[in-house]
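*Asks:* Sequence:
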Amino acid sequence: MSEKIVKSEAEWKAELTPEQFQVMRKHGTERAFTGEYWDLKQDGKYLCAACGNELFSSETKFDSGTGWPSFYAPIAPEKVGTEVDKTLWMNRTEVHCDRCGSHLGHIFEDGPQPTGMRYCINSASLKFDKQE
Numbered sequence: 001m002s003e004k005i006v007k008s009e010a011e012w013k014a015e016l017t018p019e020q021f022q023v024m025r026k027h028g029t030e031r032a033f034t035g036e037y038w039d040l041k042q043d044g045k046y047l048c049a050a051c052g053n054e055l056f057s058s059e060t061k062f063d064s065g066t067g068w069p070s071f072y073a074p075i076a077p078e079k080v081g082t083e084v085d086k087t088l089w090m091n092r093t094e095v096h097c098d099r100c101g102s103h104l105g106h107i108f109e110d111g112p113q114p115t116g117m118r119y120c121i122n123s124a125s126l127k128f129d130k131q132e
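132 is the number that the numbering used here gives the last residue of the sequence shown; the numbers go up by one with no jumps.
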């Protein structure tokens with residue numbers, strides 16, 4: 001288990017781009033089909049853009065047709081956390097980086113097997129580490 005990263009809002013704002021700060025620290029969402037990784041098909045790992053925590057692998061990435069990077073499982077369950085999100089007049093499950101608490105996206109129960117889950121993640125929350 002990795003050590004938790006705690007920073008002030010001012011520290012995060014200084015380190016992240018304005019879009020990353022809005023998505024990751026203010027729980028925003030980028031527009032569909034606009035993010036850097038929604039259709040990326042290279043092999044590698046997707047890291048938390050705020051702290052570098054390894055979150056997802058290209059091996060579990062799939063085309064959900066939603067316009068956001070989608071994965072059916074994280075690299076390890078302890079890499080991400082979840083909590084109930086009741087904004088927008090609905091109940092959803094938010095996904096966040098377990099190391100730094102940054103908002104990543106949401107999880108839905110309409111993904112492919114073997115898990116049946118769809119981790120719908122904002123590109124702004126990710127950094128891609130290409131496999132050599």
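Any given hint might turn out to be false.
Capping the alpha-carbon separation at 30 angstroms, the derived lysine-lysine pairs in DSSO-like fashion look like this [unchecked claim]: (1) Lys13 / Lys86; (2) Lys130 / Lys13; (3) Lys7 / Lys45; (4) Lys45 / Lys26; (5) Lys13 / Lys79; (6) Lys4 / Lys130; (7) Lys86 / Lys127; (8) Lys86 / Lys130; (9) Lys7 / Lys79; (10) Lys86 / Lys26; (11) Lys4 / Lys79; (12) Lys4 / Lys127; (13) Lys26 / Lys79; (14) Lys41 / Lys130; (15) Lys86 / Lys4; (16) Lys130 / Lys79; (17) Lys127 / Lys7; (18) Lys79 / Lys41; (19) Lys26 / Lys130; (20) Lys7 / Lys130; (21) Lys130 / Lys45; (22) Lys86 / Lys7; (23) Lys45 / Lys127; (24) Lys45 / Lys79.
In short, the hints are calculated from the structure, not lab data.
*Asks:* Look at each hint and say if it fits the structure.
*Replies:* Hint check results:
{"no.": "1", "hint": "Lys13 / Lys86", "in the structure": "holds, 25 angstroms"}
{"no.": "2", "hint": "Lys130 / Lys13", "in the structure": "holds, 26 angstroms"}
{"no.": "3", "hint": "Lys7 / Lys45", "in the structure": "holds, 25 angstroms"}
{"no.": "4", "hint": "Lys45 / Lys26", "in the structure": "holds, 24 angstroms"}
{"no.": "5", "hint": "Lys13 / Lys79", "in the structure": "holds, 23 angstroms"}
{"no.": "6", "hint": "Lys4 / Lys130", "in the structure": "holds, 25 angstroms"}
{"no.": "7", "hint": "Lys86 / Lys127", "in the structure": "holds, 27 angstroms"}
{"no.": "8", "hint": "Lys86 / Lys130", "in the structure": "violated, 35 angstroms"}
{"no.": "9", "hint": "Lys7 / Lys79", "in the structure": "holds, 19 angstroms"}
{"no.": "10", "hint": "Lys86 / Lys26", "in the structure": "holds, 15 angstroms"}
{"no.": "11", "hint": "Lys4 / Lys79", "in the structure": "holds, 11 angstroms"}
{"no.": "12", "hint": "Lys4 / Lys127", "in the structure": "holds, 19 angstroms"}
{"no.": "13", "hint": "Lys26 / Lys79", "in the structure": "holds, 20 angstroms"}
{"no.": "14", "hint": "Lys41 / Lys130", "in the structure": "holds, 10 angstroms"}
{"no.": "15", "hint": "Lys86 / Lys4", "in the structure": "holds, 25 angstroms"}
{"no.": "16", "hint": "Lys130 / Lys79", "in the structure": "holds, 19 angstroms"}
{"no.": "17", "hint": "Lys127 / Lys7", "in the structure": "holds, 19 angstroms"}
{"no.": "18", "hint": "Lys79 / Lys41", "in the structure": "holds, 22 angstroms"}
{"no.": "19", "hint": "Lys26 / Lys130", "in the structure": "holds, 28 angstroms"}
{"no.": "20", "hint": "Lys7 / Lys130", "in the structure": "holds, 28 angstroms"}
{"no.": "21", "hint": "Lys130 / Lys45", "in the structure": "holds, 7 angstroms"}
{"no.": "22", "hint": "Lys86 / Lys7", "in the structure": "holds, 25 angstroms"}
{"no.": "23", "hint": "Lys45 / Lys127", "in the structure": "holds, 8 angstroms"}
{"no.": "24", "hint": "Lys45 / Lys79", "in the structure": "holds, 13 angstroms"}
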